[in-house]
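**Q** If you're matching positions, the sequence shown starts at 49 in our numbering and goes up one per residue.
Among the clues, some could well be false.
Taking lysine to any residue pairs in the SDA-like style, the calculated list, with each CA pair at most 25 Å apart, reads [to be verified]:
(1) Lys205 - Pro173
(2) Lys107 - Ala124
(3) Lys205 - Asp233
(4) Lys205 - Ala220
(5) Lys107 - Asp135
(6) Lys222 - Gly204
(7) Lys107 - Gly95
Hint data in this document are derived by calculation from the structure and do not stem from the laboratory.
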Amino acid sequence: SGRFGSGDVSLGAAAYCQACAPGQIQKASASSACSACEDGQFQSSAGKTVCLSVQRCRKGTYLSVNATTSSDRVCANCAAGQYAGADDALACTACAGVSFQEQVGQAACRAHRVCAAGTHVVQEPSATVDRACAACSAGRFAPTTNSASCSECPVGKYQVAAGQSQCVACVAGKIAGAGAVSSADHCV
Numbered sequence: 049s050g051r052f053g054s055g056d057v058s059l060g061a062a063a064y065c066q067a068c069a070p071g072q073i074q075k076a077s078a079s080s081a082c083s084a085c086e087d088g089q090f091q092s093s094a095g096k097t098v099c100l101s102v103q104r105c106r107k108g109t110y111l112s113v114n115a116t117t118s119s120d121r122v123c124a125n126c127a128a129g130q131y132a133g134a135d136d137a138l139a140c141t142a143c144a145g146v147s148f149q150e151q152v153g154q155a156a157c158r159a160h161r162v163c164a165a166g167t168h169v170v171q172e173p174s175a176t177v178d179r180a181c182a183a184c185s186a187g188r189f190a191p192t193t194n195s196a197s198c199s200e201c202p203v204g205k206y207q208v209a210a211g212q213s214q215c216v217a218c219v220a221g222k223i224a225g226a227g228a229v230s231s232a233d234h235c236v
């Protein structure tokens with residue numbers, strides 16, 4: 049019943065039978081001592097007959113406070129920009145240069161988005177934010193991935209569509225002026 053015998057029996061059962069302290073249990077009746085919870089177990093209440101298993105820290109969390117015989121371990125979520133890929137991690141790992149994690153309590157980081165040719169970067173990535181891309185407007189182009197900006201079509205070329213990686217040459221004998229030329233009508 050989670051109690052042990054101690055003291056003068058003539059004072060009655062309530063005075064004689066004392067509750068086992070937190071972290072200890074009394075498995076059998078009529079025992080004169082309490083037993084400590086074993087490794088990997090705890091009991092936070094007094095007067096109990098069984099110890100409880102210590103919780104595991106799941107992926108995405110780390111061990112914040114160790115368990116004692118009278119208290120369970122405390123697991124905390126990894127912060128945004130970090131992850132814990134295994135159960136019972138002692139610490140979280142920061143997302144590396146090509147990855148990010150915007151949510152707390154995650155088991156992995158995500159790869160940064162690649163801005164395709166024809167688009168440009170409008171938001172640089174970090175450990176907590178993904179890269180954001182936008183299409184080049186008509187008359188502009190971006191020939192490579194992750195371009196910082198879109199370039200105007202060079203003299204003699206144009207581009208009618210948005211999101212393109214190159215410009216189109218004017219027909220033979222015609223030339224487009226400088227600037228973001230967005231129509232073949234500008235080839236004269």
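**Q** Look at each hint and say if it fits the structure.
**A** Structure-based check of each hint:
For the hint pairing Lys205 with Pro173, the CA-to-CA distance comes to about 33 Å; that exceeds 25 Å, so the pair is violated. Between Lys107 and Ala124 the alpha-carbon distance is near 11 Å, which keeps this suggested pair within the 25 Å criterion. About 11 Å separates the Cα atoms of Lys205 and Asp233, which keeps this hinted pair within 25 Å; it holds. At roughly 11 Å between alpha-carbon atoms, Lys205 and Ala220 fall within 25 Å of each other, so this suggested pair holds.
With a C-alpha separation of about 5 Å, the suggested pairing of Lys107 with Asp135 holds against the 25 Å cut-off. Annotation: proposed proximity of Lys222 to Gly204 holds, straight-line Cα distance about 8 Å (limit 25 Å). Among the hinted pairs, Lys107 with Gly95 is inconsistent with the structure: their alpha-carbon atoms are about 34 Å apart, more than 25 Å.
Checked against the numbered hints listed earlier, the structure breaks hints 1, 7; every other hint is satisfied.
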